[in-house]
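Student: The primary structure of each chain is shown beneath.
There are 2 protein chains.
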Amino acid sequence: MTPTESSPMPEPMAAPPQFHVYDTTLRDGAQQEGLRLTVTDKLRIAALLDELGVGFIEGGWPGANPNDTAFFAAAARGELTLQHAELVAFGATRRVGGVAADDPLVAALRDSGAGTACLVAKSHVGHVERALRTTLAENLAMITDTVQHLRAEGMRVFLDCEHFFDGYREDPRYALEVVRTAAEAGAEVVVLCDTNGGMLPSWMGDVVSAAGAVGVDLGVHCHNDTGCAVANTLAAVEAGAMHVQGTVNGYGERTGNADLVSVVANVELKLGWPVLPPGALTEATRIAQAVAAITNVSGSARAPYVGTSSFAHKAGLHASAIRVDPNLYQHIDPARVGNDMRMLISDMAGRANIQIKGEELGFDLSDRELAARVTDQVKAREADGYSYEAADASFELLLRSELGQLEEYFSVLHWRVHSHSAAGAPSETEATVKLRARGDVQIFVGEGNGPVDALDHALRRALTPAFPAVDRYELTDYRVRILEGPVGEKGGHGTDAIVRVLIDTSDGTRTWTTVGVGSNIIEASWEALSDAYWYGLLHDVATPGPAGRPAGTDDDVLTVAASR
Amino acid sequence: MTPTESSPMPEPMAAPPQFHVYDTTLRDGAQQEGLRLTVTDKLRIAALLDELGVGFIEGGWPGANPNDTAFFAAAARGELTLQHAELVAFGATRRVGGVAADDPLVAALRDSGAGTACLVAKSHVGHVERALRTTLAENLAMITDTVQHLRAEGMRVFLDCEHFFDGYREDPRYALEVVRTAAEAGAEVVVLCDTNGGMLPSWMGDVVSAAGAVGVDLGVHCHNDTGCAVANTLAAVEAGAMHVQGTVNGYGERTGNADLVSVVANVELKLGWPVLPPGALTEATRIAQAVAAITNVSGSARAPYVGTSSFAHKAGLHASAIRVDPNLYQHIDPARVGNDMRMLISDMAGRANIQIKGEELGFDLSDRELAARVTDQVKAREADGYSYEAADASFELLLRSELGQLEEYFSVLHWRVHSHSAAGAPSETEATVKLRARGDVQIFVGEGNGPVDALDHALRRALTPAFPAVDRYELTDYRVRILEGPVGEKGGHGTDAIVRVLIDTSDGTRTWTTVGVGSNIIEASWEALSDAYWYGLLHDVATPGPAGRPAGTDDDVLTVAASR
Numbered sequence: 001m002t003p004t005e006s007s008p009m010p011e012p013m014a015a016p017p018q019f020h021v022y023d024t025t026l027r028d029g030a031q032q033e034g035l036r037l038t039v040t041d042k043l044r045i046a047a048l049l050d051e052l053g054v055g056f057i058e059g060g061w062p063g064a065n066p067n068d069t070a071f072f073a074a075a076a077r078g079e080l081t082l083q084h085a086e087l088v089a090f091g092a093t094r095r096v097g098g099v100a101a102d103d104p105l106v107a108a109l110r111d112s113g114a115g116t117a118c119l120v121a122k123s124h125v126g127h128v129e130r131a132l133r134t135t136l137a138e139n140l141a142m143i144t145d146t147v148q149h150l151r152a153e154g155m156r157v158f159l160d161c162e163h164f165f166d167g168y169r170e171d172p173r174y175a176l177e178v179v180r181t182a183a184e185a186g187a188e189v190v191v192l193c194d195t196n197g198g199m200l201p202s203w204m205g206d207v208v209s210a211a212g213a214v215g216v217d218l219g220v221h222c223h224n225d226t227g228c229a230v231a232n233t234l235a236a237v238e239a240g241a242m243h244v245q246g247t248v249n250g251y252g253e254r255t256g257n258a259d260l261v262s263v264v265a266n267v268e269l270k271l272g273w274p275v276l277p278p279g280a281l282t283e284a285t286r287i288a289q290a291v292a293a294i295t296n297v298s299g300s301a302r303a304p305y306v307g308t309s310s311f312a313h314k315a316g317l318h319a320s321a322i323r324v325d326p327n328l329y330q331h332i333d334p335a336r337v338g339n340d341m342r343m344l345i346s347d348m349a350g351r352a353n354i355q356i357k358g359e360e361l362g363f364d365l366s367d368r369e370l371a372a373r374v375t376d377q378v379k380a381r382e383a384d385g386y387s388y389e390a391a392d393a394s395f396e397l398l399l400r401s402e403l404g405q406l407e408e409y410f411s412v413l414h415w416r417v418h419s420h421s422a423a424g425a426p427s428e429t430e431a432t433v434k435l436r437a438r439g440d441v442q443i444f445v446g447e448g449n450g451p452v453d454a455l456d457h458a459l460r461r462a463l464t465p466a467f468p469a470v471d472r473y474e475l476t477d478y479r480v481r482i483l484e485g486p487v488g489e490k491g492g493h494g495t496d497a498i499v500r501v502l503i504d505t506s507d508g509t510r511t512w513t514t515v516g517v518g519s520n521i522i523e524a525s526w527e528a529l530s531d532a533y534w535y536g537l538l539h540d541v542a543t544p545g546p547a548g549r550p551a552g553t554d555d556d557v558l559t560v561a562a563s564r
Numbered sequence: 001m002t003p004t005e006s007s008p009m010p011e012p013m014a015a016p017p018q019f020h021v022y023d024t025t026l027r028d029g030a031q032q033e034g035l036r037l038t039v040t041d042k043l044r045i046a047a048l049l050d051e052l053g054v055g056f057i058e059g060g061w062p063g064a065n066p067n068d069t070a071f072f073a074a075a076a077r078g079e080l081t082l083q084h085a086e087l088v089a090f091g092a093t094r095r096v097g098g099v100a101a102d103d104p105l106v107a108a109l110r111d112s113g114a115g116t117a118c119l120v121a122k123s124h125v126g127h128v129e130r131a132l133r134t135t136l137a138e139n140l141a142m143i144t145d146t147v148q149h150l151r152a153e154g155m156r157v158f159l160d161c162e163h164f165f166d167g168y169r170e171d172p173r174y175a176l177e178v179v180r181t182a183a184e185a186g187a188e189v190v191v192l193c194d195t196n197g198g199m200l201p202s203w204m205g206d207v208v209s210a211a212g213a214v215g216v217d218l219g220v221h222c223h224n225d226t227g228c229a230v231a232n233t234l235a236a237v238e239a240g241a242m243h244v245q246g247t248v249n250g251y252g253e254r255t256g257n258a259d260l261v262s263v264v265a266n267v268e269l270k271l272g273w274p275v276l277p278p279g280a281l282t283e284a285t286r287i288a289q290a291v292a293a294i295t296n297v298s299g300s301a302r303a304p305y306v307g308t309s310s311f312a313h314k315a316g317l318h319a320s321a322i323r324v325d326p327n328l329y330q331h332i333d334p335a336r337v338g339n340d341m342r343m344l345i346s347d348m349a350g351r352a353n354i355q356i357k358g359e360e361l362g363f364d365l366s367d368r369e370l371a372a373r374v375t376d377q378v379k380a381r382e383a384d385g386y387s388y389e390a391a392d393a394s395f396e397l398l399l400r401s402e403l404g405q406l407e408e409y410f411s412v413l414h415w416r417v418h419s420h421s422a423a424g425a426p427s428e429t430e431a432t433v434k435l436r437a438r439g440d441v442q443i444f445v446g447e448g449n450g451p452v453d454a455l456d457h458a459l460r461r462a463l464t465p466a467f468p469a470v471d472r473y474e475l476t477d478y479r480v481r482i483l484e485g486p487v488g489e490k491g492g493h494g495t496d497a498i499v500r501v502l503i504d505t506s507d508g509t510r511t512w513t514t515v516g517v518g519s520n521i522i523e524a525s526w527e528a529l530s531d532a533y534w535y536g537l538l539h540d541v542a543t544p545g546p547a548g549r550p551a552g553t554d555d556d557v558l559t560v561a562a563s564r
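So the sequences go chain by chain: A and B.
Heads up, the first sequence is in UniProt numbering, so the first residue is 1 and it goes up one at a time.
Heads up, the second sequence is in UniProt numbering, so the first residue is 1 and it goes up one at a time.
Check each hint, because a few of them may be wrong.
[What the hints assert, rightly or not] Restraint-style ranges between C-beta atoms, simulated for each label pair: (1) A380/B to P426/A: 14 to 24 angstroms; (2) A469/B to G78/A: 52 to 62 angstroms; (3) G362/B to P66/A: 27 to 37 angstroms.
[To be verified] Just so you have them, the derived chain B footprint on chain A, three or more residues with Cβ under 8 angstroms: (4) 124-133; (5) 277-291.
Derived by calculation from the structure, the hints in this document are not laboratory data.
Using N, Cα and C, we set each Cβ at its ideal position, and we do this for glycine too.
Full structure from sequences and hints, please.
Tutor: Dropping the structure here:
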């Protein structure tokens, strides 16, 4: 931490010898209202969590639902390769009155292919007697049997004590007995869960210390019902917990789980303990936003550290001081979490970002005037709802247009879509596309499941005579986001709202993303779709070096100006 | 607190003899990105804050901008009548080298009509020297002069020490000197501000205690940059602060201010100190949501205490236990903050969730076989991509269909959509809907910004002759999610993927949500759209008691079977 940063740091605590960063986005995070993850979503999120450098990824509850079972099967088949993280299967202790070795859900843990199991067990007398409806002794026997069985099968075992803090208030002796039983059976970490989220930070210390006296490594799992999930997690760490559970973007049931990125950023940047691989924290903002793109449940713009507003300044008072020294008005350098300071007068990234981005794509934007012109273009289009952060291909088309290095492989004369349904029958959709390519006018019709599919088929057929390469292009993802009106105004919120469409296209080797915006979802999709073909052709047909001369020489290949 | 509630409460602390709940939504909250308040907005929000029973409402900075000046003028003219709260004018200490009595901004405070002024002053050596560019002595003189002047004019004065915690780390002697200077000049409360929001709860206590040694009443003002604003505020209270500043919905610059409702609910329900008028806290959810409606910046669905998801349950494991005792899975009775427990319907849900949800809607699902049949229906449709978690209205239509209590107000004969664009021109879209309603066949065309807008216009026109009430229905939100193929399979990922559409509709009084699914986005939107009208008519035209007989008697009103 540089001396000008403004975070006071009293006597630093010593870091524990080992520290577990344990993510449960794929299991407890998926309890979030409105969030549903497919197997592919889970695989993509797991890869991002691994990039973030978490130690453990709780992938779900195999055997409890087909989706989670399929995720572990896919991971076991090699569809997930982890560099840092260990995959964990979540499950429960065996059934009341059963035997762990014969329990089908315990078998699902064993068969999951994960090296570590995290078992949930009751530790609250009222829950044992009234929800589980068994005896206190049987609950302990279930823990012993299940932990010992999985350990004997060669798995690492963690144990989540559900409702631990509430249980400790009701009957501290029994709650601690659960911790001791799990430890003696071979659980490596016993995790104290504030399942209902009712704790305050000042109440955590004594309870965690009491559990620590058992002599096992402790973890903590908090929910945000008092608005203190992050603080409660830190209080447990300060009282000796060495394992923190949480989720990206604080996803979770009710008020959510502890936001794992906030917890880890506080541990690294405030307590000064490096708990992620070196440099990993600087990817936190990108990763949190990428996870939100997959779940389609946005993180808060005001999320600590990684929110889009988290280092944005509006107050005039602040703005003038920031000119003197940015650190006077920010608690850390936002680059440490991969975020940026933003002044809200200029709503978007500055010239420096654009220059860096251009360099990434191989363009020289060191000319200040050129960089400023491109920045102005990007700002104007982002104000209209475009987003180039994910849409690299559309950004390159825009950049080449400004540089005069964009060729028009085809020009569209018109497109039409017709969709209809008679009562009871499935809908039918057809599209017509008329365009000129390599001098010839083509008109083709395509059918599809919906308007964009039909347009894709028609466009592909119309381009094929001139550019047979388009046959390899496949649309691999299609995402739609409804935008509201300009900030501060009451914009369209219903079916007349502005729509942003992102399309991913693959040629089998590489994938690119394009963006379209409009109040008509078909028109916005068409823009992203035609950009997708255009970008593909740019790299297939003519591949001029970014600074070199165009390779296309056909008379009908025109430099574009007005249409972009 | 009833004994079954799950919040542990260790040795209760004694409440201070007086406690200030101080709201700064109208001043610091208005620094939130995207939030802009008119004078009318401010008057309405102030009235709501007064209903919440806060002690102080910081209305803005008179003299610093015309909007805030106008707000104080309107309040002084009697456009704002406060029952509980005192209006506070925010301002700064006089200019460097000036005299408080002659300072125009100090005059604006005097002339504001507010009985209390809250002055911001620097307390951080680096900020005095580098941002304010004056001497440490002059900064103290500015405080003394301004506080004494306003006190002599008969105002109560509070003083905000900007960057106090960072300043204390840099030079504790000077930071405490500022507190002492303000107290000696007559400030009633000195507020310690974590302006950059970089503090952790465990760092608060020592600093607040050191300031407390000066012997003046202390307040605290926190920002959420570490995700600890609420916890930091509580830590200060536990160290002796008797005045808490915050904003409704946690509005504020960057990551926001401390959420005042969370702070107050924790103080009342967890620390056990009554700090609002009796019963006022039960209005908290309504008031927080009403403020969000005025600002047009939603609070988080996951906001502690007052969020729409804050007492929503999804896991089947939880749902069965909730039937035993709701307090097993909630940290307080949600009625204490005016919120409700909600069961979410999802593929993770079991029969228990469905039964509770049915009861919420007024249906008797105690028949196990019926409940099982509805559960199977929900699971089958969710497997196809439907999601009833948010779509209460579609869930009720499904439930009524299973119960034989669903009437068909209209039957659609066909719909058609046509969208086209010629190169360079904006797209045009028209839709045709042909339906039968109350025995008459109607066919109408509608134009729109896109296919759904056009269909909405055509459907509305076709229904109006039979049901003029539809004129009041407004589509207020439209959300699209691209789904992948069935669980575990590689489904369509591109434009042939399955699409889920959610539509919110309002009749001006209440809002309902419907869902549609399909590979054609137009068809999926159509399903959600026609469900939306259907549900509206169900409650407008015929309102049979849930268990009663249908009220509709037209011959052409048929019970629906196959179409659902």
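Student: Please name the hints from earlier in the document that this structure breaks, with their numbers sorted from lowest to highest.
Tutor: Number 5 - this is the single hint that the structure violates.
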